[in-house]
Amino acid sequence: MTAAPGMRDLAQRLVTYEAGAGETSAVAESPALLVFEKLRQSLGEFVGVAGFQSLASRALTLARPEAPSLSAAWVAADGTLQGLGAIETQIEMDKNQVGDGGIILIARLLGLLCLFLGEALTLSLLRNAWPGEVFDERIPAHGRTT
Amino acid sequence: MSTQDKVRIKQLPTGVPGLDEIVGGGLPEFSFNIIAGAPGSGKTTLAHQFVFANATPERPALYFTVLGESAIKMLRYQQQYTFFDPAMLPASIRFVNLSQVVLEEDLGAVLDQIIKEVEKANPAVVVVDSFRTMVRRPESSMDLQSFIQRLALFLASWQATTFLIGEYAEEELRDNPIFTVADGLFWLRQTAERNSIVRKLQIIKLRGQDSVPGLHTFRITDAGIQAFSRTFGLTGHVKNPPSQRRLSFGIPELDKMLGGGVREGDSVLVAGSSGTGKSVLATQFIAEGIRQGEPGIVAVFEERPQAYAERAASLGLDLETPQRDGKLTILYLRPLDLSVDETMHSILDAVQKIGAKRLVIDSLAGFEMALSPGFRADFRESLYRMIFALTGIGVTILSTVEVDESFTEFPFSTYSISFLTDDIVRLRYVSIDGQLRKIMVVIKMRGGNHAKDIREYEITSAGFVILGKRLTNYQGLISGIPVRSGGPDSMD
Chain A
1 MTAAPGMRDL
11 AQRLVTYEAG
21 AGETSAVAES
31 PALLVFEKLR
41 QSLGEFVGVA
51 GFQSLASRAL
61 TLARPEAPSL
71 SAAWVAADGT
81 LQGLGAIETQ
91 IEMDKNQVGD
101 GGIILIARLL
111 GLLCLFLGEA
121 LTLSLLRNAW
131 PGEVFDERIP
141 AHGRTT
Chain B
1 MSTQDKVRIK
11 QLPTGVPGLD
21 EIVGGGLPEF
31 SFNIIAGAPG
41 SGKTTLAHQF
51 VFANATPERP
61 ALYFTVLGES
71 AIKMLRYQQQ
81 YTFFDPAMLP
91 ASIRFVNLSQ
101 VVLEEDLGAV
111 LDQIIKEVEK
121 ANPAVVVVDS
131 FRTMVRRPES
141 SMDLQSFIQR
151 LALFLASWQA
161 TTFLIGEYAE
171 EELRDNPIFT
181 VADGLFWLRQ
191 TAERNSIVRK
201 LQIIKLRGQD
211 SVPGLHTFRI
221 TDAGIQAFSR
231 TFGLTGHVKN
241 PPSQRRLSFG
251 IPELDKMLGG
261 GVREGDSVLV
271 AGSSGTGKSV
281 LATQFIAEGI
291 RQGEPGIVAV
301 FEERPQAYAE
311 RAASLGLDLE
321 TPQRDGKLTI
331 LYLRPLDLSV
341 DETMHSILDA
351 VQKIGAKRLV
361 IDSLAGFEMA
371 LSPGFRADFR
381 ESLYRMIFAL
391 TGIGVTILST
401 VEVDESFTEF
411 PFSTYSISFL
421 TDDIVRLRYV
431 SIDGQLRKIM
441 VVIKMRGGNH
451 AKDIREYEIT
461 SAGFVILGKR
471 LTNYQGLISG
481 IPVRSGGPDS
491 MD
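First to last, the sequence lines map onto chains A and B.
The opening position of the first sequence corresponds to residue 1 in this note's numbering, with each subsequent residue numbered one higher.
The opening position of the second sequence corresponds to residue 1 in this note's numbering, with each subsequent residue numbered one higher.
Where hints are given, some of them may not hold.
[What the hints assert, rightly or not] Derived PhoX-like pairs: lysine-lysine, alpha-carbon spacing no greater than 25 Å straight-line: (1) A:K38 with B:K73; (2) A:K38 with B:K116; (3) B:K357 with B:K444; (4) B:K452 with B:K256; (5) B:K444 with B:K469; (6) B:K120 with A:K38.
It should be emphasised that the hints constitute simulated quantities derived from the structure, not laboratory data.
Working from the sequences, and respecting the hints, build out all of it.
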């Protein structure tokens, strides 16, 4: 089963926002990794490092069948995503494919949050990390993962 | 020190219906409180209600979770309550997970982390859920008591009202030094009584103001916790002075027997065995009140309101119209695990909503059965509190009670509650001339004289209660097996 369209759309908006913001760093160079890192920091505060690590690992497991570019990625004990940046640096891999992998992973992570916390609370938590305009369109009701 | 020199302690709403009254008006601002109880007793829900009632973006709430329940699961379940507003997260309510620092470091580091977060957020409310799970390392440089002492000192200085949540068993309450630090100690209990679960809360300690002592029942519904004060929300209410006004039953002959009617604010007991017409009298009493412009409430326990109204209709008494017009409320109370306080809360709500002047409790036996077994043991005491509270606000109560008919005794009630009532009307069967007839006698009228007559009565198919003349031609009427001593009886 693939990531729900609503979640992919939201993940895409977050990644697009980060790409536009141009906030790259040595830690996370791709927009998708920036989104992941922001999620790790804002969610980690209230679910704890171990809590985020569990959620992210589950999201990665769900995302892998859809995105071969995630096959070498893993979530470290501190919740950081490892392996994805290394793949991105490999020129041989299609950049779009890598970007898609990141979006699918984030979509899966958001889907899990929606599943556990509901749409309203998930959006409330995300608004803490991103400006309101990113969430202009609400997550469709069918946008929950299974 | 004069009153005006004293510092005024602001009281914060607890967010729990009924609890403000129990704590004496609200929770003292900047107080350091402990919520203790066994797992599942409602500690987290209580804290959440307080947080959602008080947090603002300017002065948010910081909710520290430690070990045990994960934050995601906690929010998943807590958001099912109607008080939970997801829009308040995270601007007004921030959840901060301390599990890593608790697992990897000692209490000193935990305290440092809390201080860091508090200094950053400037919260009005701080919750630590649960502080007991913090104590993991015996070799910690700081024991729990020192930790709590320093935490209390710091949070009070930072103008935060604090709740620490802890799992404690009853026996741990005594001589526990941790509790001496707290300004407020809330104890939640959940006990099984036969097949019923009863929840009770106690304010063991609350500095700076008078809380209502004792165990108060509470219920957890989809709206969260609702507490029912032992004083029924009437703390500080001035008791109405005794009224001399008489209320009619709508049965002129009965009114005459009662010396002009029931005195307003009285508690009347109508006692009799099954089929003697207790409910008919009660319904007449309510219907007459409505005719006189006095809204009424009927609390029924043995049948549903619709059935009750239909039965009244079959006797020619229209209870549907006054219900539609807001002049009558028929309360159905039959969950089998009620507390008297909870019942009283429903009745008081209805009294205030329609401005009720008359209340019928039909019947006391049904009321007792609706209570949790533990409360049945205190039924008389509970009735006393309830009757005292309701008559104190000017409501006239008519209760029906079924008595086991005996042909050797003439009991007024199976509950020995006649001392609680101002007036008693006794109905009973008598055997006369091969017929089972009914007699009525007014046993007691606390507010004045009443007729001493024993009178036969009939209830017609149209619901009219027709009283005959005094039965003068029989001896031993109250035994139920009278002996004719004269001519034909009054009903003939």
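message: So, against the hints stated earlier in the document, which numbers end up violated here?
response: Violated: none.
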